[in-house]
Amino acid sequence: MSAEAARLRVKTWTFATVVVLANVFGNFFLKKGMPAELPTPWSYINVLFKPYVSLGVVLLILWLMSRMALLSWADLSYVVPVTAIGYVLVALVGHILLSEQIPYKRWAGIVLIVAGVALVSLGTPPRTHKPEAGT
Amino acid sequence: MKWVYVAIIVAATTVGEVMQAAGMRRHGEIRDFRPGALRRAAAMLARNAFVIGSVVAMAVSFFAYLGLLTISELSFAVPVTAVTYVLETILAKYYLKEHVNWLRWAGAALVICGVALVSL
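Line by line, the protein sequences give chains E and P.
Going by the numbering used here, the first residue of the first sequence is number 1, and it counts up by one from there.
Going by the numbering used here, the first residue of the second sequence is number 136, and it counts up by one from there.
Hints may be right or wrong, so weigh each one.
Derived BS3-like pairs: lysine-lysine, alpha-carbon spacing no greater than 30 Å straight-line [stated by the list, open to error]:
no., chain 1, residue 1, chain 2, residue 2
1, E, Lys31, E, Lys50
2, P, Lys137, E, Lys130
3, E, Lys105, E, Lys32
4, P, Lys232, E, Lys31
5, P, Lys137, E, Lys11
6, E, Lys32, E, Lys50
7, P, Lys232, E, Lys130
8, E, Lys130, E, Lys11
9, E, Lys105, P, Lys232
10, E, Lys11, P, Lys228
11, P, Lys137, E, Lys32
No lab work stands behind these hints, which were simulated from the structure alone.
For reference, chain E alone in the conformation it holds in the complex:
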């Protein structure tokens, strides 16, 4: 692997980690803070000021920005499958921290996701297009 390819791979894995963690915890807090129903259009705006929802939104803004940075050099067809490892993280966090049972079907899904992420992230380079100059 050339020095340039190695640099890009380390940078890609670092940002992919931030993207995944921000998304998993952002959605977790969002779901935790959401009320049972949103009856009026105004309630969609109001709900953003509840503490857990605000924290979730801040993390999702971090998710959006780190994902934009990642896509400034990495392929979309690389980023989309690789960041799906977040689904595995959600299941494992539930199992380890909240002692949730993981049924066989869910373990099978976890194995498939991990295999898919490994194929894309270990088998293909993050960038296959000709790079622009950048900033």
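Guided by the hints, dock chain P onto chain E, whose structure is given.
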């Protein structure tokens, strides 16, 4: 109503993420992460039509997702929105001209099946 939300979410997410990738590709690799450089990059991105379009589309998708979550379970919402993975991989190949080799197709297919199994 449920399927109206799903259609809006899938269309808006796919369009938003492909535009985000196109806009960031046009901007070029972000290499300097010091605050001043990031502010300059943000100012440039705020004038990037693809990026503006992607933020609008993703906001539509976000509010439609909130709406869907109020009338359905995560075990329905998550697997149906995984359909965007198929559409985005196809658009990455034919619109963004990425080199999607068999490893990426296989990886994306495994991930989609896995997401469905984990959340159903």
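Structure-based check of each hint:
no.: 1; hint: E/Lys31 <-> E/Lys50; in the structure: 12 Å, holds
no.: 2; hint: P/Lys137 <-> E/Lys130; in the structure: 41 Å, violated
no.: 3; hint: E/Lys105 <-> E/Lys32; in the structure: 25 Å, holds
no.: 4; hint: P/Lys232 <-> E/Lys31; in the structure: 36 Å, violated
no.: 5; hint: P/Lys137 <-> E/Lys11; in the structure: 39 Å, violated
no.: 6; hint: E/Lys32 <-> E/Lys50; in the structure: 11 Å, holds
no.: 7; hint: P/Lys232 <-> E/Lys130; in the structure: 10 Å, holds
no.: 8; hint: E/Lys130 <-> E/Lys11; in the structure: 18 Å, holds
no.: 9; hint: E/Lys105 <-> P/Lys232; in the structure: 36 Å, violated
no.: 10; hint: E/Lys11 <-> P/Lys228; in the structure: 23 Å, holds
no.: 11; hint: P/Lys137 <-> E/Lys32; in the structure: 21 Å, holds
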